[in-house]
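Engineer: Sequence:
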Amino acid sequence: MCHAPAPASPTPPTPPDRPEQPPRPADPGRVVADAADYRRRLLADLRPTAPVPLPLARAHGLVLAGDVAAALPVPPFDNSAMDGFAVHAADLAAGPARLPVVADVPAGCPPPPLPAGAAARVMTGAPLPAGADAVVPVEDTDAAAGPGAAPATVRLPGGVAPGAHRRTAGEDVVAGARVLAAGRVLDAAALAAAAATGHGELPVHPRPRVAVLATGAELTPAGRLPGPGAIPDSNSVMLAALAGEFGAEVTGAGRAGDDPDRVLAALEEAAAGADLVLTAGGISAGAHDPLVALAAAGRLRLELVRTRVQPGAPQGHGRIGGARLLCLPGNPVAAFVSAHLHLRPMLDRLAGRGTPDHSIPVIVGEPMRRRPDLLRVVPVARDAAGRVRAPGGAGAPPRPGSGSHRVVGLAGADGLLLIDPGAGELPAGARARLLPFDDPATRVGGDG
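Numbering of the sequence shown is given in the numbering used here, commencing with residue 547 and proceeding in unit increments.
These are computed hints drawn from the structure, not numbers from a lab. Using N, Cα and C, we set each Cβ at its ideal position, and we do this for glycine too. Some clues are possibly wrong.
Between beta-carbon pairs, the in silico distance windows are [said to hold, decoys possible]: (1) ALA643 / PRO693: 24 to 32 angstroms; (2) PRO749 / GLU685: 43 to 51 angstroms; (3) ARG916 / ALA734: 21 to 29 angstroms; (4) ARG586 / ILE909: 24 to 32 angstroms; (5) GLY722 / GLU791: 32 to 40 angstroms; (6) ARG586 / ARG977: 46 to 54 angstroms; (7) ILE777 / ALA738: 46 to 54 angstroms.
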């Protein structure tokens with residue numbers, strides 16, 4: 547919505563005997579906090595999503611909501627560790643012997659008991675016949691390996707120890723033993739353990755559902771040529787992608803203008819099917835910022851915060867319907883940085899992952915400016931030696947620079963450098979922390 551300027555009114559002169567008034571604060575009623583304080587505010591009463599049972603195929607990458615005990619022992623029965631012949635070890639104690647082969651036991655077939663003085667051909671993983679206490683590998687006999695009928699007799703070596711090449715029931719885990727602990731991220735190994743111990747589904751915290759809403763009358767859909775004064779909406783595309791990378795299920799991504807009534811209606815609709823509603827824009831000091839207007843009018847449960855972070859100082863959080871509300875700045879780089887600093891820990895908590903530290907130590911490859919009172923967050927790239935520098939160079943996307951509107955430059959970065967407050971420059975060779983974009987803890991697999 548475009549707004550015509552209000553007509554100017556003459557300003558009456560200040561009476562000479564009127565005392566000078568103190569300046570108004572730039573953000574009346576707005577909380578000031580550093581990044582860590584703000585994160586504590588966001589997480590103070592945030593709980594993981596309610597557990598649901600899901601089939602193993604849909605649980606990959608999700609967090610286990612309760613301990614899992616083995617419903618079956620592993621292995622579930624005594625079985626052969628080799629392709630060979632099941633025997634009574636006592637029959638070979640005196641030396642080599644030729645024994646009749648009375649059974650052929652492939653995997654998956656329950657065998658008859660094995661009488662003394664006889665052998666049974668068995669495959670790897672096949673159940674051992676009752677009475678058999680050892681297996682002789684086929685390579686140690688005179689029988690031919692590979693496909694073919696079982697021989698009528700087989701020559702076996704002497705001195706076979708009881709238990710040789712025999713897997714006993716429950717030697718990996720016994721029934722009732724704890725296999726997986728609550729809080730475990732279900733990777734391939736965990737899912738295999740669950741399946742092997744008799745489980746087809748597991749209690750998990752489902753992916754947090756996130757709805758994205760970008761505010762601003764100037765926004766047009768991506769791919770549409772913008773008209774005068776308009777710009778493409780990159781925020782809803784970017785934030786929906788980041789939420790998905792951080793493990794959320796994105797329920798929708800759209801735009802709203804600057805009209806408070808329409809923005810509130812869009813928020814309420816988004817909240818109906820989401821655990822968290824994520825917005826971009828409308829929370830700064832502009833005359834037409836809709837979220838500020840809604841909060842000031844008491845129509846929206848929203849706390850406005852100014853964080854000591856550059857870029858991304860203005861923030862907001864609250865509730866809309868039954869969903870949490872997280873409001874990020876409208877400048878794209880500031881929104882991108884804010885999503886890494888504030889959205890990701892909220893999604894970690896909602897998904898049951900706790901509060902992992904996604905940062906890694908790095909060495910700075912070139913001097914970086916510090917601010918004495920702010921956490922600076924700078925898009926950087928790692929060079930061949932692993933040091934971080936501002937991205938750029940021949941054929942590379944534009945360097946991000948310091949402008950919070952310079953979104954195209956993000957494509958040349960592979961992480962966000964966290965420059966703690968301090969005096970002077972952070973010199974080349976100094977140690978710092980990096981939020982890498984290729985963090986494996988961030989990209990959560992599966993389609994649960």
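Engineer: Indicate, hint by hint, whether the structure satisfies it.
Structural biologist: Hint by hint, here is what the structure shows:
Separated by about 26 angstroms at the C-beta atoms, ALA643 and PRO693 satisfy the suggested range of 24 to 32 angstroms. As the Cβ distance of PRO749 to GLU685 is approximately 46 angstroms, the hint placing it in 43 to 51 angstroms holds. Here the CB-CB span from ARG916 to ALA734 is close to 43 angstroms, at odds with the stated 21 to 29 angstroms. For ARG586 and ILE909, the hinted distance range of 24 to 32 angstroms is satisfied, since their beta carbons lie about 30 angstroms from each other.
The given range of 32 to 40 angstroms is respected by GLY722 and GLU791, whose C-beta atoms sit roughly 39 angstroms from each other. As the Cβ distance of ARG586 to ARG977 is approximately 25 angstroms, the hint placing it in 46 to 54 angstroms is violated. Here the CB-CB span from ILE777 to ALA738 is close to 49 angstroms, well matched to the stated 46 to 54 angstroms.
Going through the hint list in order, the structure does not satisfy hints 3, 6.
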